[in-house]
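Here the protein sequences come in this chain order: A and B. For the first sequence, the working numbering assigns the number 360 to the initial residue and increments by one for each residue that follows. For the second sequence, the working numbering assigns the number 360 to the initial residue and increments by one for each residue that follows.
Read the hints as simulated data drawn from the structure, not as lab findings. Treat the numbers as computed from the prediction; the structure is a model and nothing was measured. Worth double-checking, as some hints may not be accurate.
The list that follows gives simulated cross-link-like pairs (lysine-lysine, DSSO-like), each with its CA atoms no further than 27 angstroms apart [claimed, not checked]: (1) K454(B) <-> K364(A); (2) K396(B) <-> K396(A); (3) K454(A) <-> K364(B); (4) K396(B) <-> K454(B); (5) K396(B) <-> K454(A).
To spell it out: a stretch of chain B is covered by chain A in this simulated footprint if at least three of its residues, at any positions, have a beta carbon under 8 angstroms from a beta carbon of chain A; those stretches are [claimed, not checked]: (6) 389-401; (7) 410-424; (8) 464-473.
We put the CB at the ideal spot given by N, CA and C, even for glycine.
There are 2 protein chains.
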Amino acid sequence: MFRPKSEQVVEFKCIRGGNGEAEMRHITDSNAELYDKGRMFNHAILAPGVSIGEHYHEGDNELFYFLSGTGVYNNNGTMVRVNPGDTAICSSGEKHSLVNDGTEPLEFIALILF
Amino acid sequence: MFRPKSEQVVEFKCIRGGNGEAEMRHITDSNAELYDKGRMFNHAILAPGVSIGEHYHEGDNELFYFLSGTGVYNNNGTMVRVNPGDTAICSSGEKHSLVNDGTEPLEFIALILF
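Using the sequences and the hints given, assemble the complete structure.
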């Protein structure tokens, strides 16, 4: 299967009560494209000031891989500065959140597996 | 879990008989980090001229999401030009390969789920 960027689904939405709307570019369009092992695989972009609100994961885990920009990631209660090339994983039973406190877009890959 | 880029495992290796060595930056270090649903989640970089040889997938699927550069992707026998924002999925029973025929590094996210 090949899907060009021109056919990519893009959503802008408030996530988990965060500030503003995140841009979510869908890398996959269905669970089947994730071999029925995941429910989300996105290229996410937070403009400066945009955030994802704190939330828990139960029965799945979410991985973030940072591509560009900077921000502050809440790693199950501990705040860490994130930069390109960093990985963050919120395992089942843990919580996380993220804010772009920089001046450039904060871009990352987000994957949820269950 | 948080892992900064400074602790990221990076390999350079010939893949499936392709030309040259691909740079594979490991986003995850274990199957457990992929909720035991996958075995590889990499930020891959092919320098100009580097390729991944043709191979089949059986019992898993591999997703590529292109970040930068350009190349030619063998989509189960059909050659397609790839650019940033494109998605390619090699499902179980299909084959694929990839070559950077451009002048810039070809960067993409690669994920194998089983």
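Going through the hints against the structure:
1. Restraint check: the Cα-Cα separation between K454(B) and K364(A) comes to about 22 angstroms, which is no more than 27 angstroms; the hinted pair holds.
2. Of the supplied pair hints, the one linking K396(B) and K396(A) holds, its CA atoms being roughly 6 angstroms apart against a limit of 27 angstroms.
3. For the hint pairing K454(A) with K364(B), the CA-to-CA distance comes to about 22 angstroms; that is within 27 angstroms, so the pair holds.
4. At most 27 angstroms may separate the alpha-carbon atoms for a hinted pair to count; K396(B) and K454(B) meet this at roughly 21 angstroms.
5. Proposed proximity of K396(B) and K454(A) is supported: the alpha carbons are some 21 angstroms apart, at most 27 angstroms.
6. Coverage of the region 389-401 of chain B by chain A holds [criterion: at least 3 residues with CB-CB distance below 8 angstroms; count 6].
7. Look at the region 410-424 of chain B against chain A: 4 of its residues bring a Cβ nearer than 8 angstroms to a Cβ of that chain, three or more, so the hint holds.
8. Counting residues of the region 464-473 of chain B whose CB lies closer than 8 angstroms to any CB of chain A gives 4, so the stated coverage by that chain holds, three being the minimum.
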